[in-house]
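S.K.: Each chain, written out:
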Amino acid sequence: MNARDEEPAPGAGALISARGLRKSYGKAEALRGASLDLHEGEILAVTGPSGSGKSTLLHCLSGITRPDDGVVTYGKESLGLLPEQRLGELRRSEFGVVFQFGQLIPELTALDNVALPLLLAGTRRGPAHREAGEWLERFGARGQAGVRPGEMSGGQSQRVALARALVTGPRAVFADEPTGALDSLAGEQVMTALVHTARETGTAVLLITHDAQTAAYADREVWLRDGAVHSASAGVLAREAVRHEG
Amino acid sequence: MKADIRIAWILARGSERREWYRILLTALGALAATDFALAAVAIAAVPGQVSIPYGHGLLDQPGQRAGVVLTLVLLLLPVVGFLGQCARVGAVHRHRRMAAMRLTGATPAQVRRIAAVESAFPSLPGAVAGVAVFAVVLASTGHTPYPAAWAGFAAVVLAVPVAAALVSVFALRHVVVSPLDQVRRTVPDPGRRTLFGFLLGSVLVSAAAMLVTLPADVRSAAFPLLVLALVFATGAGAIWAAGASAALLGRRLTLRARRPAVLIAAGRLAHDPWAAARTHAALLLVTVVGVGFVGVRAVLLADLRAKKDVLPTDMGFYTTGIGLAGSAVLIALAISLCGLAVGTAESLTTRRRGLAAQAAAGVPHGVLARAALLETALPLAPALLLAGVGGTVVYLAYAAIVGGPVSLLPLLLPVGVYAACLLAAATSLPLLRRAVHPSELRFT
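Going down the list, the sequences are from chains A and E. 1 is the number of the first residue of the first sequence in my numbering; add one for each residue after it. 247 is the number of the first residue of the second sequence in my numbering; add one for each residue after it.
Hints may be right or wrong, so weigh each one.
[As the list claims (entries may be wrong)] With the C-beta cut set under 8 Å, the calculated list includes, among others, these residues of chain E facing chain A:
id, residue
1, Ala-352
2, Val-377
3, Val-379
[Unchecked claim] Rough simulated footprint, nothing fancy, chain A against chain E, three-plus residues with beta-carbon under 8 Å:
id, segment
4, 247 to 254
5, 303 to 313
To be clear, the hints were calculated from the coordinates, so they are not data collected in a lab. Please read these numbers as outputs of a predicted model, since none were measured by experiment. In this text, a Cβ means the ideal position worked out from N, Cα and C, and glycines have one as well.
Extracted from the complex, chain E is given alone in its bound form:
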């Protein structure tokens, strides 16, 4: 292991600019993960009933604090998705390097360990920076954390780099690099696995739906199960839809496309349809949660307004909680959009020689730019539609259970997300201009 760490360190020191982007983005992801985890630990360490002058008393009771802690922990999910996206930056180049190491005698396990340590390196300064940010925020509030929190803080700082390394090991678990630079995944059909997840989720949804038909007291207990099952099923289904529709659209459009941009995008989708699904996975899950949340929020607020005069505490207590959950959804959406932007930029960087060759052969820049946007737009539309339907079912079920009004506002969310995705993908277009420069053809 010592030798692996030594080699990973030498490799990190000699990294080129693209690798430094990955290191910087990974460090930022680690910073966010550390701050969410530290905040969760700090709140979880608060004992019993206290009076905290923030959030309209939302942090005073252990029960509500548990909800805040859960929200902060759930925010780690899009961060993990973002870190996974960062791990893919320069993946092709890294695989080539891994193959060269295999050629000089590194075993497959050794190569995976070195790659994992390489991922952990940038997470460590990211975690330390996260602690610094957290300390500044804490100092500005004038609060000292409870003694029980300190051990948790230390555990977070150590756990974040370890978790980043584990994410890398997880991402590489099926990758076998041969010494001849042939990267092979031992699980050949990601679509089948995603479809299995979708079917499993559907079974859970059916089971939860059956529970809804039971008496009222059991019914309310069934709702969280219904939500979880629906989010799981719709998320897996949306990811599968993204991959399957990319494959189908790619095949069909390759045969029928009349515009060069569509033809180029279709060819790319047909070649690797699951690349889109991987990039959009976190975003689709956030959309399911987002649509469901916006709908449930409308029902909750209407219910609160109706009971305004009989509420046991002030309205601000409830709206702050709802607002906090909404902020979490927005933060998750922002992180997922950043992941999409990173994924699109990475896709362009990986293919820069091919793009430069197309530009050198006379393909206009505008055509390549439109093709890059279409690669995001085409598979995302059906996937977002499915994600929107899943989220809608969640809030319709909730409205049916509590008997609240049904808002149409959540239906606009997938449209907004779609526009934001196109904008996020468009942020990589300046990179395209540099990537298609014929000088790229001179370098490997």
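In isolation and in its complexed conformation, chain A is listed as follows:
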């Protein structure tokens, strides 16, 4: 078995642990008893075909969506039981979230966008800007500081979004197809920057992707199909089967 497929014992030493997650949208079941552990400092890729429930899993793990059934544990807290206020605090200080399209605020410059989580936490604008500037520097986007999202390329927007996700020093970053809207070169640059920074800061990354090349950046890969988590080898076999059928 490949080292990347080895899965630790459920919940043991996990930063975030999900057990038996179920989530439906109307009659469509997005998750059917999905279980997953994200460990401190690891980069975990969740792959799978479209509609397999990857994004829903990320939303549940990051506290954006509450599952219909099952438990998501972060430390001693069960995310499903936390009030919106606490979930907001978690997203502001402990978690960072990046989507396919950066979700940047169009009215704010790149610098203000990155500084936003700090400003929301009550940091004064000067120190918040200094911190945000340093993070833009790390992601090679310092030159975009005064630029608004509408004037940036996709790659630049994603770098700014990553800087915003990491500016508060979170323990986990949730990235949903962060390179999905980028060309291969820009995607590679964004992934290199994310992985490098995550390693440097010891931040865990949950990476949702359908792209094997992007998944290769991860320490571990799991395969999601029909709302349930399988080992990465199942994913490799499934991909092989599809390739042969093609």
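Since chain A is already given, all that's left is putting chain E on it; use the hints.
M.R.: Structure of chain E alone, referenced to chain A:
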């Protein structure tokens, strides 16, 4: 709170053109509110009996001044409706921004506070401009306000931005923005609430109608209650009628429409029937008041003419008062029509990508323009009919109590309002031409 103000300020500075329209319109609304409130304060501060050379002595006695102050205060209602309409400009875009903030860790309360502060920002310069306009008007009359008025002026300037923020908080009280941009109202059925208001009003009308059957001295005291109850019931009923008829017409016409414009308008009405009711709320209330006023005015004038020789003061005193009330109704109507124009323009701006997609797919501009007008025209007709009936009942009841003649002129008012509404909606059509440009499809 300091952090929220800071973020709201950064957001306001980075606003795009659409947001600047909202800011400008909100500032204009704040200007109007400030001037009405300042005028009310200035008149209310006048002590005892005085001689003021305006309005045929209408401002000389405390009793009549109270009526003028009440009229000015009532004029704030359509202004609040207009401000509410302005708050909806760019609402979809703002909700998306709120969702992005929630994603970065803002709590629901924090997002609401930031939105409220954003609304208060444009009101402050609006209030200051209102003070400037008021000062110029006051200076041109050569009068100095009474000392008691100054504290009231300061309170008005502070209260207008606070009130604008409260209007925004009130408008957002049921809105929960999730980090995934799913805006949800925790009260799912606005129709049920409006219907409840209508039923409550109807009970009040019945109670007031019972009072009318009592002896003459009690009967005259019952009339104001009857008027208030009728205005309340008819207003709520007309708003409900607008929403319910939009839903019904939308459903029926979607199945039966043969013309593309009707089909598009019906689809839109079926999708969000209460959007029309929200836009028309202030206008329908003004129509109830307007029809009632025009009828009562005819009765009053006939009564005055009959008693011309035995009146304690000159005829001008009474006609000025009636004229002032009429002006207030006209101003309220004008403000409500502006609100309708803003609402229609906002509706087109919000849907510009969808409209551009339809245009790109070959739907002619004329069809889209007719559909936009039909969206206003279809739900408004039954609602205005009900509003007209409500106002008619008010003046018929008054005519019955004082025994005056019944004029048919007020019945024309809903027709006039309907035409004015279509004209107001038509003012947004130039915007449609820009909205349907295929280049809109390139931007989010």
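S.K.: Each hint should be assessed against the structure and marked as holding or not.
M.R.: Now the hints, each set against the structure:
| no. | hint | result |
| --- | --- | --- |
| 1 | Ala-352 | holds (5 Å) |
| 2 | Val-377 | violated (29 Å) |
| 3 | Val-379 | violated (30 Å) |
| 4 | 247 to 254 | holds (count 4) |
| 5 | 303 to 313 | violated (count 0) |
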